[in-house]
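Peer 1: Once you've looked at the hints, dock chain B against the given chain A.
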Amino acid sequence: MSTLTPSFAGVASSNATLRAFLQGLPGVDRVGADQRAAMLATRSIKTTAKAQAIDLAISMVDLTTLEGADTAGKVRAMCAKAVQPDPGDPSVPKVAAVCVYPDMVAGAVQAVGRSGVRVASVATAFPSGRSSLDVKVTDTAFAVAAGADEIDMVIDRGAFLSGDYRKVFEEIVAIKAACAREGGPSGNGTAKSGNGAAKKGSPAKGDAHLKVILETGELATYDNVRRASWLAMLAGADFIKTSTGKVSPAATLPVTLVMLEAVRDFRAQTGRMVGVKPAGGIRTTKDAVKYLVLVNETAGPDWLDPEWFRLGASSVLNDLLMQRQKMATGRYAGPDYFTLD
Amino acid sequence: MTEPSRLAVRKTYKLYIGGAFPRSESGRSYVVTSSKGDFLANASRASRKDARDAVQAARKAFPGWSGATAYNRGQILYRVAEMLEGRRAQFVAELVDADGVSARKAGELADATVDRLVWYAGWSDKIGAVRGAANPVAGPYFNLSTTEPTGVVAVVAPQGAPLLGLISVIAPVIVTGNTCVVVASERAPLPAITLAEVLATSDLPGGVVNLLTGAAPELAPWLASHMDVNAIDLTGCAAELAVTCEQQAAENLKRVLRPPNATPDWLATPGLDRMTAFLETKTVWHPTGI
Numbered sequence: 104m105s106t107l108t109p110s111f112a113g114v115a116s117s118n119a120t121l122r123a124f125l126q127g128l129p130g131v132d133r134v135g136a137d138q139r140a141a142m143l144a145t146r147s148i149k150t151t152a153k154a155q156a157i158d159l160a161i162s163m164v165d166l167t168t169l170e171g172a173d174t175a176g177k178v179r180a181m182c183a184k185a186v187q188p189d190p191g192d193p194s195v196p197k198v199a200a201v202c203v204y205p206d207m208v209a210g211a212v213q214a215v216g217r218s219g220v221r222v223a224s225v226a227t228a229f230p231s232g233r234s235s236l237d238v239k240v241t242d243t244a245f246a247v248a249a250g251a252d253e254i255d256m257v258i259d260r261g262a263f264l265s266g267d268y269r270k271v272f273e274e275i276v277a278i279k280a281a282c283a284r285e286g287g288p289s290g291n292g293t294a295k296s297g298n299g300a301a302k303k304g305s306p307a308k309g310d311a312h313l314k315v316i317l318e319t320g321e322l323a324t325y326d327n328v329r330r331a332s333w334l335a336m337l338a339g340a341d342f343i344k345t346s347t348g349k350v351s352p353a354a355t356l357p358v359t360l361v362m363l364e365a366v367r368d369f370r371a372q373t374g375r376m377v378g379v380k381p382a383g384g385i386r387t388t389k390d391a392v393k394y395l396v397l398v399n400e401t402a403g404p405d406w407l408d409p410e411w412f413r414l415g416a417s418s419v420l421n422d423l424l425m426q427r428q429k430m431a432t433g434r435y436a437g438p439d440y441f442t443l444d
Numbered sequence: 004m005t006e007p008s009r010l011a012v013r014k015t016y017k018l019y020i021g022g023a024f025p026r027s028e029s030g031r032s033y034v035v036t037s038s039k040g041d042f043l044a045n046a047s048r049a050s051r052k053d054a055r056d057a058v059q060a061a062r063k064a065f066p067g068w069s070g071a072t073a074y075n076r077g078q079i080l081y082r083v084a085e086m087l088e089g090r091r092a093q094f095v096a097e098l099v100d101a102d103g104v105s106a107r108k109a110g111e112l113a114d115a116t117v118d119r120l121v122w123y124a125g126w127s128d129k130i131g132a133v134r135g136a137a138n139p140v141a142g143p144y145f146n147l148s149t150t151e152p153t154g155v156v157a158v159v160a161p162q163g164a165p166l167l168g169l170i171s172v173i174a175p176v177i178v179t180g181n182t183c184v185v186v187a188s189e190r191a192p193l194p195a196i197t198l199a200e201v202l203a204t205s206d207l208p209g210g211v212v213n214l215l216t217g218a219a220p221e222l223a224p225w226l227a228s229h230m231d232v233n234a235i236d237l238t239g240c241a242a243e244l245a246v247t248c249e250q251q252a253a254e255n256l257k258r259v260l261r262p263p264n265a266t267p268d269w270l271a272t273p274g275l276d277r278m279t280a281f282l283e284t285k286t287v288w289h290p291t292g293i
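If you read the protein sequences in the order shown, they are chains A and B. Converting from the first sequence to my numbering requires adding 103 to each position, the first position being numbered 1. Converting from the second sequence to my numbering requires adding 3 to each position, the first position being numbered 1.
Just so you know, these hints were derived from the structure itself, not from any lab. Predicted model, so just to flag it, every value in this text is computed and none were measured. Even glycine gets a Cβ: it sits at the ideal position worked out from N, Cα and C.
Each pair of labels, with its calculated beta carbon distance range:
(1) A:D439 to B:F42: 43 to 49 Å
(2) A:R146 to B:E200: 35 to 41 Å
(3) B:K63 to A:S147: 22 to 28 Å
Straight-line C-alpha distance at most 27 Å; calculated DSS-like pairs for lysine-lysine:
(4) A:K197 to A:K177
(5) A:K153 to B:K52
(6) B:K52 to B:K14
(7) B:K63 to B:K17
(8) B:K17 to A:K389
(9) B:K52 to A:K429
From the structure, some residues in chain A lie toward chain B, with a derived Cβ separation under 10 Å:
(10) M425
(11) T432
(12) G433
(13) G437
(14) P438
Chain A with its partners taken away, still in its complex shape (with noise of 0.2 Å):
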C-alpha cells in the first residue's frame, strides 16, 4: 500500500504479521476512558462559546435517512433541509452532507446541487455487511457513478471478531480502489487533501471519500475498538466511523474517545490525518457539545471541523435549531416551528 510509511510497510503482508501488530497495540484502560469521557463531558459551554459550538455542530451534521420506507421525495425534502436547515434564518450555516442509501444518490446529488453540501452513501450490503465482496464492490461502484462524494461501508465484523484481520484489511482496500473515479488525482486515493481542493465548485468530481463503519455496538471491547481503527486507517481510509445506526448501542462518548485517541496516534506516527465520524444515538444539543469538547481534548483542534469531524445523526439538527433561536431571541422554541425531518 502507497499509503504506509516505512515502518508500518510489512504490517499489512500476512494475517499473521497484522495480528502481531493490532494485538501488540497497548491496550485501553476501559475505567479510565469512561472516567475521561465523563468528566469531559460535565463542561459548561455556555453564552457566545456556546452560540460557536452550536453552529460549528450544524456544519458537521451528516443529515441521515436509511430506511426501508425512503422516498425520492423524502429524500429530495432532506436534501433542501441540509442547503437551508432554518428556512427563517439564513445565517444558519449548511450541514456538511447528507446520507442516504445507493439508489438515492443520484437524486440527492441533484437536490443539492451546487450547495456545496456532500452526498454521502453507505454501501457494501449495509448494515450487516453480510455478503460477497463482488457484490460490496459493485454496491460502492454503483454508489460512486451515481455520483457520491462519500461512501460508509461496513467492516466484516464476523471476520474480524474471529481474528481474520487480513479479510477486513483487504475488502477495505478493495472498496477504496471502488471509490476512484476518472478525473480524481489518483487511482486509489492518496492524500485526502487533495481531494478536498479538488471538489470545490468543480463538477469534475475526485474519488470518493472512504468512511469506514466499525459497528463499535458488536466489537465488545474497547480494545477491539481500537485495534478496528488500526486496521482501517492502516487499510487507507479516510474517514473511521463508529457505527451504523442500527445496532444499539451506537456512538458512545467513551468507544468515541479510543478512536479519536487511535486518530491523533495514527498522525503522530505516519502524518496522515484521518477524520472521525459518531453516528447515531446524538439527538440533543447537549450530546453534540460534548462530542465537540472531546474532539478538542483528545485529538485537537485540528479535528474541530467538517473535514474531520462529523455527527452522524438526524434528530439532533432540530434540536440544534431550537437552541440556536433560543439564543437569538430569548424565549425557549418549540418543535412546531421546525421540519419533521
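Peer 2: What follows is chain B alone, placed relative to chain A:
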C-alpha cells in the same frame, strides 16, 4: 433535667415533573412559614430551566392523555379525589398552618376540594355534548363540531387559595385532555406538594400535571414566551405581571385566561368557563345523500 425532645425532621420538598420528584436544577430552596411566621418546611425554588423541563414533560404526556377516552380521564380524576380524601387530615393541618384558619374551616375547604374534583370528573364525557353540535347548514352536508384540547397549558395558580383554588384551576384544564405546568402559590406551597404526592400515587400518567414551587414573577414570563406552550392561565398573577405575560404570550398566539378582577369565591360552584377556555372546536363537513 428534662428528657431531650425528639429531633425535628426539617423537610425539604422537591418539584413534581414528569411523574418524578426532582430537585430544582438550580439547587435553590426557600423557607416556607406558617401564617404566624413559624418554620414549616423548605420548598424548592424552581428556575426557568425547571419550567422548560416541565413543559417538555407535559408535551410528552399530551398525546397519551388527550388520546385517552373521556371516560378513562373521568375515572382517573375520581381516583385522584379518592386519594385526596385519604389524605384529608394532612391537607387540613397544612391549611390551618398556612392560612391560620380554624380546623373546622380548613375541613370545609378540604371537602370542597374533593367535591370540586368529583364535579369536574363528571364533566369529562359530557363537555363534548354541551360544546359540540350537529350544525344546520345550507347544503347537503353533515356538519359536526367537536371539542379538542388546546395542548400544553401553563397555569399560575392563585396565591391566596392554596388547595381549593389550586384544584379549581388544574381540574378543568386536565379533564378535557390538556396537560399542564402549574406554578403553585409561593407563600403556601405545601398543599400543592402534598397534592403532587397524591397525583403520583393515583393513576394519572406522569407529565399530565407538573407542579413547580417558586416565584411566579420569575417563572411565568418564561412560560408565557415559551413557543411550545399553547395556552396560559394567569389567575395567580398580579396585575402588572399579567400584562407582561400577556404581551409575551402574543408571540405564538397563546390562548390567555386573564386574572379575575376581584378575588373569586372558590367555594361557589364553577361554571364551564375554565374548561371551555382551553378547548378548541373542530368542525367536519361530511357530504350526505350520495
